[in-house]
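Taken in sequence, the protein lines are chains D and W. Counting with the numbering used here, you get residues 1 to 392 for the letters of the first sequence. Counting with the numbering used here, you get residues 1 to 392 for the letters of the second sequence.
It cannot be assumed that every hint is accurate.
For chains that are exact copies, the list does not tell them apart, and a pair is met inside one copy or across any two.
Here are the simulated BS3-like pairs of lysine-lysine, each with C-alpha atoms no more than 30 Å apart in a straight line [as the list claims (entries may be wrong)]:
no., residue 1, residue 2
1, 28, 348
2, 60, 385
3, 53, 157
4, 348, 209
5, 157, 104
Quick caveat, the hints were computed from the structure, so don't treat them as lab data.
Number of protein chains: 2
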Amino acid sequence: MYNIIYSNSGVCASDGFFADGVSAGLKKDGAKDMAFIYSEDECEVASLFTTNKMCAAPIKHFRQMGNFKTNFVLINSKNANAMTGKAGIEDIDEVLSASPANVKNPIMSSTGVIGVRLPKAKIIEGMKLFDLTKRDSAAAAKAIMTTDTFAKEVAFKVILEDGSSFNIGAIAKGAGMINPAMATMLCFITTDAKVSKEEMQEALDECVKTTFNAISVDGDTSTNDTVLLLSNGRSGAYDKEAFKEVLFKVMHFLALEMVRDGEGATKLVTYKVTGAKDDRDAEIAAKALSDSLLVKTALFGEDPNWGRVASTIGASGVEAYEEKLSISFDNLCVYDKGNLYFDAEMEKKCAAVMQHKKFTISCDLGIGDGSFKAYGCDLGHEYVKINADYRT
Amino acid sequence: MYNIIYSNSGVCASDGFFADGVSAGLKKDGAKDMAFIYSEDECEVASLFTTNKMCAAPIKHFRQMGNFKTNFVLINSKNANAMTGKAGIEDIDEVLSASPANVKNPIMSSTGVIGVRLPKAKIIEGMKLFDLTKRDSAAAAKAIMTTDTFAKEVAFKVILEDGSSFNIGAIAKGAGMINPAMATMLCFITTDAKVSKEEMQEALDECVKTTFNAISVDGDTSTNDTVLLLSNGRSGAYDKEAFKEVLFKVMHFLALEMVRDGEGATKLVTYKVTGAKDDRDAEIAAKALSDSLLVKTALFGEDPNWGRVASTIGASGVEAYEEKLSISFDNLCVYDKGNLYFDAEMEKKCAAVMQHKKFTISCDLGIGDGSFKAYGCDLGHEYVKINADYRT
Numbered sequence: 001m002y003n004i005i006y007s008n009s010g011v012c013a014s015d016g017f018f019a020d021g022v023s024a025g026l027k028k029d030g031a032k033d034m035a036f037i038y039s040e041d042e043c044e045v046a047s048l049f050t051t052n053k054m055c056a057a058p059i060k061h062f063r064q065m066g067n068f069k070t071n072f073v074l075i076n077s078k079n080a081n082a083m084t085g086k087a088g089i090e091d092i093d094e095v096l097s098a099s100p101a102n103v104k105n106p107i108m109s110s111t112g113v114i115g116v117r118l119p120k121a122k123i124i125e126g127m128k129l130f131d132l133t134k135r136d137s138a139a140a141a142k143a144i145m146t147t148d149t150f151a152k153e154v155a156f157k158v159i160l161e162d163g164s165s166f167n168i169g170a171i172a173k174g175a176g177m178i179n180p181a182m183a184t185m186l187c188f189i190t191t192d193a194k195v196s197k198e199e200m201q202e203a204l205d206e207c208v209k210t211t212f213n214a215i216s217v218d219g220d221t222s223t224n225d226t227v228l229l230l231s232n233g234r235s236g237a238y239d240k241e242a243f244k245e246v247l248f249k250v251m252h253f254l255a256l257e258m259v260r261d262g263e264g265a266t267k268l269v270t271y272k273v274t275g276a277k278d279d280r281d282a283e284i285a286a287k288a289l290s291d292s293l294l295v296k297t298a299l300f301g302e303d304p305n306w307g308r309v310a311s312t313i314g315a316s317g318v319e320a321y322e323e324k325l326s327i328s329f330d331n332l333c334v335y336d337k338g339n340l341y342f343d344a345e346m347e348k349k350c351a352a353v354m355q356h357k358k359f360t361i362s363c364d365l366g367i368g369d370g371s372f373k374a375y376g377c378d379l380g381h382e383y384v385k386i387n388a389d390y391r392t
Numbered sequence: 001m002y003n004i005i006y007s008n009s010g011v012c013a014s015d016g017f018f019a020d021g022v023s024a025g026l027k028k029d030g031a032k033d034m035a036f037i038y039s040e041d042e043c044e045v046a047s048l049f050t051t052n053k054m055c056a057a058p059i060k061h062f063r064q065m066g067n068f069k070t071n072f073v074l075i076n077s078k079n080a081n082a083m084t085g086k087a088g089i090e091d092i093d094e095v096l097s098a099s100p101a102n103v104k105n106p107i108m109s110s111t112g113v114i115g116v117r118l119p120k121a122k123i124i125e126g127m128k129l130f131d132l133t134k135r136d137s138a139a140a141a142k143a144i145m146t147t148d149t150f151a152k153e154v155a156f157k158v159i160l161e162d163g164s165s166f167n168i169g170a171i172a173k174g175a176g177m178i179n180p181a182m183a184t185m186l187c188f189i190t191t192d193a194k195v196s197k198e199e200m201q202e203a204l205d206e207c208v209k210t211t212f213n214a215i216s217v218d219g220d221t222s223t224n225d226t227v228l229l230l231s232n233g234r235s236g237a238y239d240k241e242a243f244k245e246v247l248f249k250v251m252h253f254l255a256l257e258m259v260r261d262g263e264g265a266t267k268l269v270t271y272k273v274t275g276a277k278d279d280r281d282a283e284i285a286a287k288a289l290s291d292s293l294l295v296k297t298a299l300f301g302e303d304p305n306w307g308r309v310a311s312t313i314g315a316s317g318v319e320a321y322e323e324k325l326s327i328s329f330d331n332l333c334v335y336d337k338g339n340l341y342f343d344a345e346m347e348k349k350c351a352a353v354m355q356h357k358k359f360t361i362s363c364d365l366g367i368g369d370g371s372f373k374a375y376g377c378d379l380g381h382e383y384v385k386i387n388a389d390y391r392t
């Protein structure tokens, strides 16, 4: 037994962690564009990175460092440092050599436009603005935003039965290009739990499947996706089960925040697939739904076009039969194993469900026990506007 | 040696074929919504159908007929007769039993909204308007349109060295939901060549790979996709090589017409991938580009965001390396094996290329000899508008 208490301190909730965001002039409007996370003690690091073969320089740089402890993460927005080759990696070394005096094995993370060299001078100047005694998680969360419309942070304190406690907190960015393979997102998680690197990695690997890997904004996968989990062990407390549960809560909350902030999104939709041959089939079908342009535009139009749902499942490659499938909008069943319940009245009722900001589309394939929940949003004019004009 | 002459008679170019379109009141505005193709002689039929597991009733009906010759195809728009189960197949039998007296093994093809029973009475009434002596391919092409903004037809006459000749002509519809696995499209091809069913099927299977299977509008795959090739052998003429070449020309022309008419599309883009490990890798990469929402919206914004091209290739799963890749917009190379040629002046030049209605994005992966060309369009506000309001 343990208690979980929400905290609003984000990445600074854990004892001994500091963070802030500053403006280094990378963004045009003087908005915050550089952040740091600093820990008084050296931290173990667990990580997840994009599977994109054009992965960005910061990811290559991290991998080159091998096994290490760190106490400093530098993050910039507006420039992804991707497709910049060896020069991009050398740029990171140069920038990090100007890190504050007392940091150890500093690491860097970037997000923004691909194919432009880092503005090193600006970033080095910007680092001079860092005050390592600051605990402003919200400012750090703001500084790593790109097309995000709101900053994303969350933290929980876990109180174990023996009275000991630890914290897990995080900041994240991600609004577009979020794909079922963890894309265009950055997430930095800190904890003062006394957890080993191996247990952190195991927990991350498990939690990502049903959180960051279950969301979709536009089906594209980026060059920079990164999740870092840093532990300084300060609390001396740990419970494997509690740690995993709360890490899941942190990642799940942030994953849904990203979908809610999907570029131009007005709706957060849960795709619940049950009755699939196995969990893998359920996952494929659920993600196909959250990725389908025709489903997304129907959501935007608040049009209960269940035929597109059926067609998308049929096209997804999973085992499925017209005569075994059922489809519901929240608790309204529109199609059940060959029976069409979709008349004018039902259409009106379903359209009313779709006017909500949050609802669930459920599909039972009627075959086996496989199930999966994916999360997606609608696609409207704002998405087109944001992405047609991204670089300008 | 043979000569190929363009004809504007579409599906009626081949000797002995007739076609027309009528209005049966399925579309609200009195537009043509039913078409027929009729041949005086019975025809061999070759076919290609959707791979969607929720395939529509007309496809199931066709498959149940086994091996047969026909001389009559009935086509309706506005209702897909999909997700309608056994009743949907029985509806087809009922409708076709009211076919004109002199037809043999009539077949039916449908396109439109999924999950609504066929309006049988209207269709049976509509058939009474058919005049089997009409040769109005354009009217038939118009009647099978859904969100298409223009009718699609083409025909060629082939004159062989000995002076004998045959014709191949076609009509098609397709504007949205067109996917690299032949989707939401119907295409009816007629020929008076003296070709066997087996040779027709072989030619269709080969030509589809680089035509209808190489285009993408929105990556979705429909329940109704159908290509039918009917031959009545009237001309007595045939040449295998010429037949395949001209069939390819017909299908390639119509495939590009569909992309050009992609819902809300303003640009027709060729994605030419070369230097891939093998042709399969090239195909995967080229189709990933034509399917990418981020690439499509950049096209719409006329933003030469080549980083999105690189990122999409990296995410596509094919073998690719940052240091071996080159990317060009038409003949302007913006990235070559680690060298960034993209400065302010190049950006201006590339933006000028993107203002054209047609251009090519070339990616050389620098690994092997694999190559593939895919065709796609941009995604703009009109796409969202069309698909948010499709059923209303």
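Outcome of the hint check:
Taking CA atoms no more than 30 Å apart as the test, residue 28 paired with residue 348 passes between copies only; the shortest distance there is 20 Å, against 46 Å inside one copy. Proximity of residue 60 to residue 385 under the C-alpha cut-off of 30 Å is found in neither arrangement, the shortest distances being 32 Å within a copy and 42 Å between copies. Taking CA atoms no more than 30 Å apart as the test, residue 53 paired with residue 157 passes in neither setting, with 37 Å inside one copy and 48 Å between copies. Taking the shortest Cα distances, residue 348 and residue 209 never come within 30 Å of each other, neither inside one copy (36 Å) nor across copies (42 Å).
In this assembly of identical chains, residue 157 and residue 104 lie within 30 Å of each other by CA distance solely inside one copy; the values are 27 Å within and 76 Å between copies.
This entry does not satisfy hints 2, 3, 4, going by the numbered hints stated previously.
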